[in-house]
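Visitor: Just so you know, the sequences run in chain order L and E.
Residues 1 to 160, numbered by this note's numbering, are exactly what the first sequence covers, in order.
Residues 1 to 470, numbered by this note's numbering, are exactly what the second sequence covers, in order.
In case anyone wonders, no lab produced these hints; they're calculated from the structure.
Glycine included, each C-beta is placed from N, C-alpha and C at the ideal position.
Please note that a few of the clues may not be correct.
[Claimed, not checked] Once the Cα atoms are required to be at most 25 Å apart in a straight line, the calculated DSS-like pairs of lysine-lysine come out as:
#1 E/153 <-> E/136
#2 E/137 <-> E/153
#3 E/137 <-> L/63
#4 E/438 <-> E/371
#5 L/42 <-> L/107
#6 L/117 <-> E/151
#7 E/136 <-> E/151
#8 L/117 <-> E/136
#9 L/59 <-> E/438
#10 L/59 <-> E/371
#11 L/63 <-> L/42
#12 E/137 <-> E/151
#13 L/59 <-> L/42
#14 L/59 <-> E/153
#15 E/136 <-> L/59
#16 L/117 <-> L/107
#17 L/117 <-> E/371
#18 L/42 <-> L/108
[As the list claims (entries may be wrong)] Pulled a few chain E residues facing chain L out of the computed Cβ check, cut under 7 Å:
#19 72
#20 86
#21 88
#22 92
#23 131
[To be verified] Here chain E is said to cover these stretches of chain L; the calculated rule only asks that three of the stretch's residues, wherever they fall, bring their Cβ under 8 Å from a Cβ of chain E:
#24 39-52
#25 99-108
#26 143-151
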Amino acid sequence: MSTLPEPIEQLLDAALVGELTVVDSTGHPVTYPLIPLYDGEKIYLTSSTLFSRKLEHIKANPKVSLSITDPVAIGGRTDRATIQGDARVIEEDPHGGWERLLPIWEKKEPSIVYFLKARVALPLFFERALIEITPRRSLYWADGSAATAPVVADAGKAAA
Amino acid sequence: MMVATSEATPRTPSLDVRQGLDKLASYPYAILTWVDADGYPVSVAVDAVVDPAASFVTFAAPAGLAVPAGVDISLTGSHIRPQPGYGYDERRHVTVWGRAATDGDRITFEAARAWGWDEAEVPFFEYSERSLGQSKKYFDALSVERGTPVKPKLSFGWLALRTTRLPFLSATIVPVVLGIVIAARQGFFDLPTAILTVIGAAFVQLGLNVANDVFDTASGADDANVTPTQFSGGSRVIQYGLVSFRQMAGLATIFYVAAGIIGLLLLALRGSPELLVIGVAGFVVSIGYTAPPLKFVYRGLGEIAVAVGFGPLMLLGAYVVQSRGALSWEPFVASLPIALLVMLILYVNEIPDRRGDARAGKRTLPVRLSKATVIGGYRAAAIAAYAILVLGVAVGLLPIPVLLALITIPLALQVSRGLEPNYDNPYGLMAIMGVNVKVHLYAGLLLLAGYAVVLLLGAVAPSVHLFIGR
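One chain only, chain E, in its complex shape (with noise of 0.2 Å):
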């Protein structure tokens, strides 16, 4: 039996008296614990003979001191391995509580219930998110004490960057920027309404982020995730009392607020119907990824959503505010490999998720497909993303520097020969995840590299043919 919580996720793992046993009987010494006379603990190390399957333990009694009997004793085992130079880990600790009997000049002690905490079975970030509950009550007893709100802080600069999920503009920034400079290639170019474009997109996309983050409270699916990672289970700013339920929903009508009304000046200035379309499906998808009706999320469309979102509509909404609404074929290639690939950051974003998700009804990849096909899954996208680029330089819509986002082919290996080993282990999943929002981040920057080596040539050698067939 486990020590009782109040929160609803346990805060340790359920331990019996049997697994107790069996933990403190590895420890070289167990500390039995008492409260005295005076009411104050009494430890003292003792060594102990440990019988899990009678639940039993008998040890010599300690001289000069008098265990008590008919009490509830403790039995302790601690364990850390000092790390000179950094502090300790292997952090390990089992308590065992029961009644004490002497028998001559031993005692024997009958095992009751047990509780402990071992950092190999649950590592300390899953223990301290499944320990939230225990910190909101210790906030909401300091509140009542002192009559007014205790919250717990952090540093306007931390708040902000940890709320908006600022660096993961990544995926905004490369696709607008994207979409202008290949506008730019063909002769179309704005300052005014590209700098516009850049900062509307960036708001939509920290709308998504903090919206995001508010369905998901209210569907409970940020609450069930005891093992989010830098990458995934979202900001956790409403979890950790950070920043409010209410607070969090007005910033994200900030941010659409703002993307609608830059959206708007561009529409002023560009007067394009396909910016409309465009900028109207955008906002429909963003905002119904995580919010109802449409939910694409909960409905398994999440991954294509975020595809569509962050490849085509952000590169040719970008596109079309160049050249005032006229479409063509390169910009769309061109936003294939990049919506493939920021899928693929949501999609292994999704795998440590896929608990928490399930409990909340999101029908991510992950929560429906069987491990092989997830990993099977993502080479495949992976390939494609490649394969898109290739085939789009050699039938002549893609110019040949592009090839350059090749480089990160192995970066993309890396991350798909890492998800077998740390598919069940969120922590040893986050490297992986941290590499592979480098496959888009560097594949979105070495396609613009492979843009700007066109501009740059076609300034000073306009002779230079840089499409196949052309």
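Next up, chain L with everything else stripped away, as it sits in the complex (with noise of 0.2 Å):
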């Protein structure tokens, strides 16, 4: 069930890469450039192990947000948003339990199937976790400019 404006939902969907941030134990934001994948839903980003700090903060503070906001990765749309939500880390299987959503990522980035049929090249960069983004309130910038107020609304709700 779609819980976001639909232009966001048309960002997710288009966007290569977004920045997701999150906060740390000491209550810094920490911001990583990643590819959302969007079931409609839900938002989903992978970690690799490898680059799994991100994953500690998460399951320390759930509290984190996703951000839309470079036109070249969103095929030139200028609008802008954030996303905030509650993040779980989905790891019962770091092996295979994120390919999943492999249709969806390759849909952004199809040289992702090659390089997983070459697993044995770089083996910790195909362990991977799940993290998953249950959105509840977001940030929308029709213009993409901060000098204009953003809409905000819950998710699930109208736009205030």
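Two chains, two frames, a set of hints: combine them into the complex.
Guide: Below is the structure:
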């Protein structure tokens, strides 16, 4: 069930890269560029165990945000959004559990299937955990400019 | 100051505030992020004016949002270049942390620390290798959480291939088969012992490959190497947590025991003291390459050990099995170009490993010599390999058709020319290392093809003279 305003869903579908921000143990925001994968209800990102510090932060504090800001990474669109939400780490099977998202991932990064076939070259890159974000609130800038106040919406509710 | 890491090897090069701000200034906009009153991060894109010299950034206060003062916030720059139908490249990002203060309708940001990654500066594979400690930490924590060991995995076939470095068996197959073929040309051939020789020699090399990983892990050489390639830096299955140190030591032992049993069987079947001497010498060179007390590679003798082991010892060993101990100059001379070319595989592969090797105390030639000398050394050894071949033919020790191997000279030239521009770029050097492996393999196969011609003509046209002066 869709919980986000339609323009934000379009951004999530289009974005080759978004910025995941987590909060570390000292309360500082830490931002990681990642490919956002949206299934129409929840937002997913994957993290290699090589770069898994973000997972430690999420396990300690699940409050995260994902911003979509780069016009180059969203096919020239100029609107921007930030989605706040609660994240959980799914890691029952780091070897292959994440592959259920491969069809969505492949649409954005077709080369990933070729890299996966050659996983022997870099095995740990393909040992991955899933980050599942349940959206709570969204901020949307139709013109992409911080000079304009964002449209704020609680997830699943009409825009404020 | 970089973000602290728990690993011995820093994940990314140190980035001070000035460098972080310099990088941030190169992005078209910055992503301002703070943690709101509900505890969630908020991000908004702002047009930042960066003054790296003053560790200072200003930007217009975002409309409708209250940026907190007195707490750490961050500014991030992020870049990719989309590649339609493929994905993206040119990945880089930087984050600068600091504190904000409101100055009218603008916000001033005083930077305190920075962190980032640029794949143009630290290639992705190196970044991944530098992050092995984080992966280990992840699996260790997951194991504790579940109360049972959780390890990274690889399918059995891929794991076997990676662990044993099976594709490099060509370094053994080429000289062994050549030794058998030369013996056959001289009228000595026994199929069962020929097959046993190939299998036994393959076990020796597999034992060497695995033992090399064991001793390089024990010495710290493989852990210190953050720029391994498919041709260098070992199999890394221990570093990746795919196979344990103990399992690898056990596997090396199995390979060596299997090789030893086959060697004893060949001795029993052929009864040659020469084979015993060559076999013992081969075992000593193989195990002594990295293992104490010999540790040839740590004493600056690694290249010579490999040349002797994968050249004369392999070739003459295979030859004397067939000849029942009789020796001749032909297999010895034929083994010399092979010895030099296989030595050059190791030599070039040592170039990207040289920093890790130096830290581990391995005195390889690229560790000890300057770039110009190493490149000159490659050229001298390659010229010597081909010159020996030509001289061997000229003096009638080798048959004329083996000159087919000269076809590989352009490949050797390609390697020679590729060393200079890629000397400090391990990933650029990978293609050159691949060509270098082909120089040895193709030269060996062409030597075999030359001998096949000799055997064929010997059968159908014995009056044709294929040795000068005979």
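Visitor: Please go over all the hints and tell whether each is borne out by the structure.
Guide: Consistency of the hints with the structure:
Restraint check: the Cα-Cα separation between residue 153 of chain E and residue 136 of chain E comes to about 13 Å, which is no more than 25 Å; the hinted pair holds. The straight-line distance between the Cα atoms of residue 137 of chain E and residue 153 of chain E is roughly 16 Å, inside the 25 Å bound, and the hint therefore holds. Proposed proximity of residue 137 of chain E and residue 63 of chain L is supported: the alpha carbons are some 23 Å apart, at most 25 Å. The straight-line distance between the Cα atoms of residue 438 of chain E and residue 371 of chain E is roughly 23 Å, inside the 25 Å bound, and the hint therefore holds.
Annotation: proposed proximity of residue 42 of chain L to residue 107 of chain L holds, straight-line Cα distance about 17 Å (limit 25 Å). A distance of roughly 20 Å separates the Cα atoms of residue 117 of chain L and residue 151 of chain E; the hinted pair therefore holds under the 25 Å criterion. Distance restraint check for residue 136 of chain E and residue 151 of chain E: the Cα-Cα separation of roughly 9 Å lies within the 25 Å cut-off, and the hinted pair is therefore satisfied. Between residue 117 of chain L and residue 136 of chain E the CA atoms are separated by roughly 23 Å; this keeps the pair inside 25 Å, and the hint holds.
A hinted pair counts as satisfied when its Cα atoms are at most 25 Å apart, and residue 59 of chain L with residue 438 of chain E does not qualify at roughly 49 Å. Restraint check: the Cα-Cα separation between residue 59 of chain L and residue 371 of chain E comes to about 48 Å, which exceeds 25 Å; the hinted pair is violated. A distance of roughly 14 Å separates the Cα atoms of residue 63 of chain L and residue 42 of chain L; the hinted pair therefore holds under the 25 Å criterion. Under the criterion of a C-alpha separation no larger than 25 Å, the hint pairing residue 137 of chain E with residue 151 of chain E is consistent with the structure, at around 11 Å.
As the CA atoms of residue 59 of chain L and residue 42 of chain L are separated by approximately 18 Å, the hinted pair is consistent with the 25 Å bound. For the hint linking residue 59 of chain L to residue 153 of chain E, the alpha-carbon distance of about 23 Å falls within 25 Å, and the restraint holds. Of the pairs offered as hints, the one joining residue 136 of chain E and residue 59 of chain L holds, with about 17 Å between alpha carbons and a cut-off of 25 Å not exceeded. Taking the CA atoms of residue 117 of chain L and residue 107 of chain L, the gap is about 17 Å. The hint holds against a cut of 25 Å.
With a CA separation close to 37 Å, the supplied pair residue 117 of chain L and residue 371 of chain E exceeds the 25 Å bound. Distance hint between residue 42 of chain L and residue 108 of chain L is fulfilled; the C-alpha atoms sit about 17 Å from each other, no more than 25 Å. A distance limit of 7 Å between C-beta atoms decides the matter here; for residue 72 of chain E the minimum to chain L is near 5 Å, and the interface restraint holds. With its C-beta approaching chain L no nearer than about 5 Å, residue 86 of chain E sits inside the 7 Å limit, and its interface hint holds.
Residue-level restraint check for residue 88 of chain E holds (minimum Cβ-Cβ distance to chain L is 6 Å; threshold 7 Å). At its closest, the beta carbon of residue 92 of chain E sits 9 Å from a beta carbon of chain L; the interface hint therefore is violated under the 7 Å criterion. At a threshold of 7 Å, the smallest CB-CB gap from residue 131 of chain E to chain L is about 4 Å, leaving the interface hint in force. Residue count for the stretch 39-52 of chain L with a Cβ under 8 Å from a Cβ of chain E: 5. That meets the three needed, and the coverage hint holds.
Under the rule that three or more residues need a Cβ within less than 8 Å of chain E, the assignment of the stretch 99-108 of chain L is violated, with 1 such residues. With a cut-off of 8 Å between beta carbons, the stretch 143-151 of chain L has 6 residues touching chain E; three or more are needed, and the interface restraint holds.
The structure shown violates the earlier hints numbered 9, 10, 17, 22 and 25.
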